[in-house]
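**Student:** Go by the hints and put chain B onto chain A.
Protein chains: 2
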Amino acid sequence: MGKIIDGRAKAAEIKSALREEIANLKKKNIIPGLATILIGSDPGSIVYVNMKQKTCQELGIYSEKITFPESIEAEEVEKEILNLNKREDIHGILVQLPIPPELKYILDLIVPYKDVDGFHPENVGNVANNNEENAFIPCTPQGILSFLEDLTDLKGKNVTIVNHSPVVGRPLANLLLNRDATVTVCHVHTINLQQFTKNADILITAAGVPHLIKADMVKQGVIVIDAGFSRVEGKIVGDVDFEAVKEIASHITPPTGGVGPMTIAMLMKNTVKAASLSLE
Amino acid sequence: MGKIIDGRAKAAEIKSALREEIANLKKKNIIPGLATILIGSDPGSIVYVNMKQKTCQELGIYSEKITFPESIEAEEVEKEILNLNKREDIHGILVQLPIPPELKYILDLIVPYKDVDGFHPENVGNVANNNEENAFIPCTPQGILSFLEDLTDLKGKNVTIVNHSPVVGRPLANLLLNRDATVTVCHVHTINLQQFTKNADILITAAGVPHLIKADMVKQGVIVIDAGFSRVEGKIVGDVDFEAVKEIASHITPPTGGVGPMTIAMLMKNTVKAASLSLE
Chain A
4 MGKIIDGRAK AAEIKSALRE EIANLKKKNI IPGLATILIG SDPGSIVYVN
54 MKQKTCQELG IYSEKITFPE SIEAEEVEKE ILNLNKREDI HGILVQLPIP
104 PELKYILDLI VPYKDVDGFH PENVGNVANN NEENAFIPCT PQGILSFLED
154 LTDLKGKNVT IVNHSPVVGR PLANLLLNRD ATVTVCHVHT INLQQFTKNA
204 DILITAAGVP HLIKADMVKQ GVIVIDAGFS RVEGKIVGDV DFEAVKEIAS
254 HITPPTGGVG PMTIAMLMKN TVKAASLSLE
Chain B
4 MGKIIDGRAK AAEIKSALRE EIANLKKKNI IPGLATILIG SDPGSIVYVN
54 MKQKTCQELG IYSEKITFPE SIEAEEVEKE ILNLNKREDI HGILVQLPIP
104 PELKYILDLI VPYKDVDGFH PENVGNVANN NEENAFIPCT PQGILSFLED
154 LTDLKGKNVT IVNHSPVVGR PLANLLLNRD ATVTVCHVHT INLQQFTKNA
204 DILITAAGVP HLIKADMVKQ GVIVIDAGFS RVEGKIVGDV DFEAVKEIAS
254 HITPPTGGVG PMTIAMLMKN TVKAASLSLE
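From first to last, the protein sequence lines stand for chains A and B.
Each residue of the first sequence is one higher than the last, beginning at 4 in my numbering.
Each residue of the second sequence is one higher than the last, beginning at 4 in my numbering.
Chain A extracted, bound-state conformation (with noise of 0.2 Å):
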């Protein structure tokens, strides 16, 4: 049986070297700030959102929660942003996706050294040219190299991504091939999502489809990284077959308490380095 990769213990273990860094800000009379502008009423969102302030609170970061109701004018979210642009004691700004389409753009009016996500064209450039020292890489892909870079080489190595998102394929390919991985990205629209998903040696599904990867799709020794999610009859429920692949993987990420708390120690790393930064 393959080892069960602990995302609870990893986080806490990052959470606590935060705390220390915190502390030091402290006494140069810093204290990281994060805000969090969640539009509309998604229940999975405001979730989320009270996870993230919560952990601020655990951690020492000031937190701010903005809320707009669904109908909200672009121009008053604009004008939200512009104004958190400019505060001083605010050094990550958070607008919690999902949003209306019509107001993807103000994303990219977050100024790219307090986009703690790490969503604006600049960032996301700054990695894809092997720049990562002057970007800020987006949570779960950088939770989930921070689980691979712990385990193995990447020089090399042949990684399927099943998800082609912005948010998590992408910048996660892009960070692999800064480690030299071979890299294949499918999704949706992939032909015979088996013949990728069999020859990889790292496997990281993002699909969002309960129990799309079956133990016949994966090759023995294979880590498995799930950051599948989905809700089958009130449970949680991964990409991934976990009792059966579990039975073929070397490593592999649980249903729950593997990705998700990576996610969010990386975004209060992330605000941690940005009030670094905003000391230089």
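For the record, the hints were derived by calculation from the structure and aren't laboratory data.
Each hint should be verified, as a subset may be incorrect.
[As the list claims (entries may be wrong)] Each computed DSS-like pair below joins lysine-lysine, with the alpha-carbon atoms no more than 25 Å apart:
id, chain 1, residue 1, chain 2, residue 2
1, A, Lys30, A, Lys57
2, B, Lys68, B, Lys107
3, A, Lys201, B, Lys158
4, B, Lys201, A, Lys222
5, B, Lys158, B, Lys201
6, A, Lys201, B, Lys222
7, B, Lys276, B, Lys6
8, A, Lys238, A, Lys68
9, A, Lys18, A, Lys82
10, B, Lys201, A, Lys158
11, A, Lys6, A, Lys238
12, B, Lys29, B, Lys68
13, A, Lys18, A, Lys276
14, B, Lys201, A, Lys201
15, B, Lys107, B, Lys89
Values in this document were obtained by computation on a predicted structure and should not be read as measured data.
**Tutor:** Structure of chain B alone, referenced to chain A:
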């Protein structure tokens, strides 16, 4: 035998359409202007810059060549770029690559709306975020994409790219993901390249390794785009063993007159686009 893709004919078509656009711009008193910066005296770079200038003249685009010695201070180049950023008669700025590594940062000083090479992180990020209309698309990938869109619907196609640089492989991967292809990016650290090339409906290579791709590495009916370029005993040789592979491919670019002419045509297209945008 596969059909030979005629890059010269396709480039001529594009240039002919551009001539019309340029005539229309002139009616509005705009003459598109391209500045090229050449640092050092690499013979290849000199040839490329001259070809770009010649094509500008052919089309009625104003062009200006700025040349610095290899030993130039970074601040001098910086000053020149900041000046070109401001000039109203210059719509596109191109720094001929390669440049000394310590000068690489100057590429990011070009304002994104004059970055006709498409290497500025903001342009790169907009392509990666599937927001192409707000980006300049790098010239070689844009030329390759234009071939492919003439030949096939990219959705669900298996594409293998042999190049993982920010100049060719990565922007191409993003452009193809934007069109829902399944994309594998290979490179010098890939183990068992053949397993990835053999599976491809479309194979794009830019490795600069003469005859890296042999007939037994591709499948029947593949589309082959060869952007590789080497000199062997004074002769120009691509990455693909053209004579053997053309018997298996459905479409294939020749070692010369394939991707090359398209790269320059797309630079002209980006320059005219930059001039048009200056009217907005």
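**Student:** Holds or violated: are the alpha carbons of Lys18(A) and Lys276(A) at most 25 Å from each other?
**Tutor:** Roughly 13 Å between the alpha carbons, so the hint for Lys18(A) and Lys276(A) holds.
**Student:** Does the structure keep Lys276(B) and Lys6(B) at a Cα separation of 25 Å or less?
**Tutor:** The hint is violated at about 31 Å.
**Student:** Just to be careful, I want the Cα atoms of Lys29(B) and Lys68(B) compared with a cutoff of 25 Å; is the pair within it?
**Tutor:** holds (22 Å)
**Student:** Between Lys18(A) and Lys82(A), is the straight-line Cα distance small enough, at 25 Å or below?
**Tutor:** violated (33 Å)
**Student:** Lys201(A) and Lys222(B) were given as a pair; does the straight-line alpha-carbon distance stay at or below 25 Å?
**Tutor:** Holds. Lys201(A) to Lys222(B) sits at ~20 Å (cutoff 25 Å).
**Student:** Checking one constraint from the list: CA of Lys6(A) to CA of Lys238(A), max 25 Å. Satisfied?
**Tutor:** holds (23 Å)
**Student:** Would the hint linking Lys201(B) and Lys158(A) be met if the CA-CA limit is 25 Å?
**Tutor:** OK: Lys201(B) and Lys158(A) at ~22 Å, within 25 Å.
**Student:** Holds or violated: Lys30(A) and Lys57(A), Cα atoms, limit 25 Å.
**Tutor:** With a Cα-Cα distance of about 23 Å, the restraint between Lys30(A) and Lys57(A) holds, given a limit of 25 Å.
**Student:** Is Lys238(A) close enough to Lys68(A), meaning Cα to Cα at most 25 Å?
**Tutor:** violated (29 Å)
**Student:** So if I understand the rule, the pair passes when the alpha-carbon distance is 25 Å or less; does Lys201(B) with Lys201(A) pass?
**Tutor:** Holds: Lys201(B) and Lys201(A) sit about 16 Å apart, inside 25 Å.
**Student:** Check whether the Cα positions of Lys201(B) and Lys222(A) lie no farther apart than 25 Å.
**Tutor:** holds (20 Å)
**Student:** Assess, step by step, whether the Cα of Lys158(B) is no farther than 25 Å from the Cα of Lys201(B), and give holds or violated.
**Tutor:** holds (19 Å)
Hints 7, 8 and 9, counting from the list given before, are not met by this structure.
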